Amino acid sequence: MSMNVIEATGLGKRYGSTWALRECTLAIPAGHVAALVGPNGAGKTTLLNLAVGLAEPSAGGVTVLGGLPPGSPAALDGIAFVAQDTPVYKNLSAADMLHLTRNLNRRFDQRYAEARLAELGIPLNRKAGKLSGGQQAQLALTLALARRPRLLVLDEPVAMLDPVARHDFMATVLAAAAAEKGEGELGGVSVVLSSHVLTELERVADYLILLSQGRVQVAGEVDDLLASHRMLTGPAAEADKYAERPVVHVRRGEAQAHLLVRATADDPVPPGWEAHPVGLEELTLAYLREPGAAALPGPGRGRHTQPSEVTQ
Amino acid sequence: MDIDKGIGKGRVGVSPAGAGGGDRSTAPSGRATAASPIEFRLDAASGVPTYLQLVHQVEHALRLGYLKLGDQLPKVRDVVASLAINPNTVLKAYKELETKGLTAGRPGQGTFIQATLSQVALPELTALRRSLLGWLGTADGAGLDEDGMVALFTSALRDFYERRSGSRTRGGAASGETEGVA
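Protein chains in written order, with this note's numbering: chain A, 2 to 313; chain B, 639 to 820.
Looking at chain A on its own, in the form it has when it is part of the complex (with noise of 0.2 Å):
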């Protein structure tokens, strides 16, 4: 289980004389479902598209499955991808999309697929364009599935749906990542999606990648994150004083101020002042805030933020 699902190496992708993403390192471990996170305009859709081979890099390289080429006809066998918006033929119905599908693959599982659609109550005869909004995303989601991929990657996939489309397809995505070997091991497939949603974050990921700028700015394992992180609240008179750990974000007011900081749970807390456990939202906000700071894998690689460079 140790294959990365996307090795990326120096990557980067220039539009014109704007670097859409610069010096990309990160390696996304098979088995997880990876968040790839940040502002827009941070790189997402462009890194995603460079792994599943829509675009070519500017700089540096990118390989996928364990070392494929993007694009490779056994990486494409082996990568569903559904662009933002889930879209589908508006003008093709159900079982002309399974049709094209089917005949545009070297796999495909009409089985699944029509048995999954029943199971959502879609009618195969239906134009894709007359579906809701929830339909047409799973009627993508069930596509990509059938092709039984073993990375899906799904840009933005529920922005544009309602809270029950939302959770409904969530749902089918994460049973499929949790296909069971056998109990206590998973042989789903791995998943990387790219979402705005920060308040879902937490239940559905347990890789974050969080791009910003066109740089990788945060990358890991969720509990690792969470446990490498710690709030502490005190005194904000003392707040600039505090530097025996990275601090990552400051908020302060006239007499309290809250300091994230790079601390686990054995770290001494400074007399006077109170430590507490960090969501990943809270963390991801506090790191979205300041794009200078930074934690990524390996040991010293955790930037320093300067005083001076802290918000008020």
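None of these hints come from the bench; they were simulated from the model. Any given hint could turn out to be false.
[As the list claims (entries may be wrong)] Here are the simulated EDC-like pairs of lysine to aspartate or glutamate, each with C-alpha atoms no more than 16 Å apart in a straight line: (1) B:733 with B:697; (2) B:730 with A:207; (3) B:730 with A:225; (4) B:730 with A:97; (5) A:131 with A:97; (6) B:738 with B:697; (7) A:128 with A:97; (8) B:730 with A:239.
Note that the coordinates shown come from a computational prediction; the quantities given were computed from them, not determined experimentally.
Following the hints, put chain B in place on chain A, whose structure we already have.
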């Protein structure tokens, strides 16, 4: 809402043999009825990590007798499909329950209850619940609101255990309980 449904199912009595016997889910997504007497729910606002919520719900169901020896926990895939949560979260919860000695995994079948937390039988629990309801009525009559009742009960509970176990702290009592189970 979900847990009520699950509890209801448990009450009508899915026998341990029946629960362990067969996988009744035939649908390809595995979303059909699970062969477990309980169903999980999530409280996003509780601040409790998701895997711990699952652990607590199993312990709660064991204490109240909704889960019995030999009962099967919902299959990982079914939990994932009904709550839309990460499968590794469910595995983590089930591993934690196994570490506590409460459950055991059977290869190819699922996870089953192998120890119980409820020290008293269901009829006795019902009687205790009735006397507690009586106390709540009295407290309400005396003008205590819900927060007041919780505070009073929690403080009395702490006093009770402190008096009984002398120097034993609350943390010590909790780990003692786990040892007793294993």
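Hint check:
1. B:733 with B:697: Holds - the C-alpha atoms of residue 697 of chain B and residue 733 of chain B are around 14 Å apart, at most 16 Å.
2. B:730 with A:207: Holds, because 11 Å separates the two Cα atoms, which is no more than 16 Å.
3. B:730 with A:225: holds, 14 Å
4. B:730 with A:97: Status violated; Cα separation ~42 Å.
5. A:131 with A:97: holds, 14 Å
6. B:738 with B:697: holds, 10 Å
7. A:128 with A:97: Distance of about 9 Å is within 16 Å: holds.
8. B:730 with A:239: Violated, at roughly 39 Å.
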